[in-house]
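Starting from the known structure of chain A, arrange chain B on it as the hints suggest.
The listed protein sequences derive, respectively, from chains A and B. If you use our numbering, the first sequence closes out at 240, no skipped numbers anywhere. If you use our numbering, the second sequence closes out at 240, no skipped numbers anywhere.
Careful: at least some of the hints might be erroneous.
Intra- or inter-copy, both count: the list cannot distinguish identical chains.
No more than 20 Å apart at the CA atoms, straight line, and that leaves these computed lysine-lysine pairs for PhoX-like [claimed, not checked]:
hint, residue 1, residue 2
1, Lys216, Lys17
2, Lys17, Lys38
3, Lys210, Lys89
4, Lys38, Lys216
In short, the hints are calculated from the structure, not lab data.
2 protein chains.
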Amino acid sequence: MSTAGIILIGDEILSGKVADENARLLVEDLRSLGVALKKITVIPDVLDEIAATVRNFSDTFDHVFTSGGVGPTHDDLTMEGIARAFGGKVVRHPELERLLRGYYGERLNERNLRMADVPEGAHFVDGDSANWPVVAMKNVYILPGVPEIFRRKWMAIRDRFADAPYVLRNVFTHAEEGEIAAHLDAVVAAHPAVQVGSYPRFDTSEYRVKVTLESKQGDEVERATAQLVELLGTRVIRVA
Amino acid sequence: MSTAGIILIGDEILSGKVADENARLLVEDLRSLGVALKKITVIPDVLDEIAATVRNFSDTFDHVFTSGGVGPTHDDLTMEGIARAFGGKVVRHPELERLLRGYYGERLNERNLRMADVPEGAHFVDGDSANWPVVAMKNVYILPGVPEIFRRKWMAIRDRFADAPYVLRNVFTHAEEGEIAAHLDAVVAAHPAVQVGSYPRFDTSEYRVKVTLESKQGDEVERATAQLVELLGTRVIRVA
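Chain A with its partners taken away, still in its complex shape (with noise of 0.2 Å):
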């Protein structure tokens, strides 16, 4: 089972300035792929809160996805981070410089180049890499703050990272938590292959709680939800 984690580089999240839409994104689209995202911070822009970040990130996930602080301006020092965090430096990569000169032509000022700076030791990531490619350091994927753009980068890597589905129950009851906890305590015990999850709801919708039973081991789930109905008897509203 591969594992990731995301980092969301930018003030911009942190004061309220921008919603994030990126990780919202990749968190959906990582289950469907059936990858186990394990964490996601946001941090601002600050080069060594950057650097510790994602060498913890790496050394801990399969994967690492970065957000933000790409781009030629003071506040952008993703990949400077993402260098220090390997004790390496940025340089220039000359593809990416020819790649900036193509598309600037006349208009190119000196500052756009700092786009071409990666961290040494960089690698590209296939996909539309006619125009521009995703680059990434050993396991980080570096991909841009503005939501149009790290979606159609993410869209082109995506399906490199797919691996054995989730499989999903969800059992509805009109029991409260504290009536079934036990009940839970027993299915969790017998099916330790199985994520269960309880959410309560408290507002006038037809459950109480809803149990997930989740995992990659399908019989798995179906043996623990049989056992979970079972338990919760005339109190299990519907299966799902």
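Coordinates of chain B only, in the frame set by chain A:
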């Protein structure tokens, strides 16, 4: 200037079953209160991760807000995680036990009493404490994951975090980032108290870049904005 961190605890967000509403509310409210939000982290229902993250945040920021993982079921590990963060245990609080017994009456299940378990040394924060107080451990405010209850609890305590307000100016330009990067550097160098952000757009909106200038020192924001407007000249579309 006071700082804050947010910890969202729960597999349901990482697995895409539930979209976060609580951090979003806090991000906006903390900014309007003048509190500098420095980090948001989303972690799973894993005891040691809760403990390590809470301890780190508590040591690093003035205020820490946790969301989720409070309740009577096996996946509700926040109280124990926070207790562990500070080297303590959870203890059953007599006042909370009394409230629970009053609320549930004859329907009380033994497991409901787990909701009276709090980290040793925790204190109550006022607000709607006649109903159910907000529990805090040192500078860590423990809030529930269910959005409607999260909101109610937060509204009951939010005013106590009020700090000096931020002053924000936005400068919109039709120039590209590469073209204005050196000017931004000059403004950043001349006004270290001002946080300068540069946010490009690539769609068909009226502007190409929005520059934000923000500080608690309002006069410095005005001076930095004036400097930038002069440097950009006719490339400025408007200031807001």
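We went through each hint and held it up to the structure:
In this homomeric assembly, Lys216 and Lys17 come within 20 Å of each other (Cα to Cα) only across copies, at 16 Å, whereas the closest approach inside a single copy is 38 Å. Taking identical chains as interchangeable, the C-alpha atoms of Lys17 and Lys38 lie at most 20 Å apart only when they sit on different chains, with a minimum of 14 Å there against 26 Å within one chain. Proximity of Lys210 to Lys89 under the C-alpha cut-off of 20 Å is found in neither arrangement, the shortest distances being 49 Å within a copy and 29 Å between copies. In the homo-oligomer, the alpha carbons of Lys38 and Lys216 lie at most 20 Å apart inside one protomer (16 Å), although the nearest pairing across protomers, at 36 Å, exceeds that limit.
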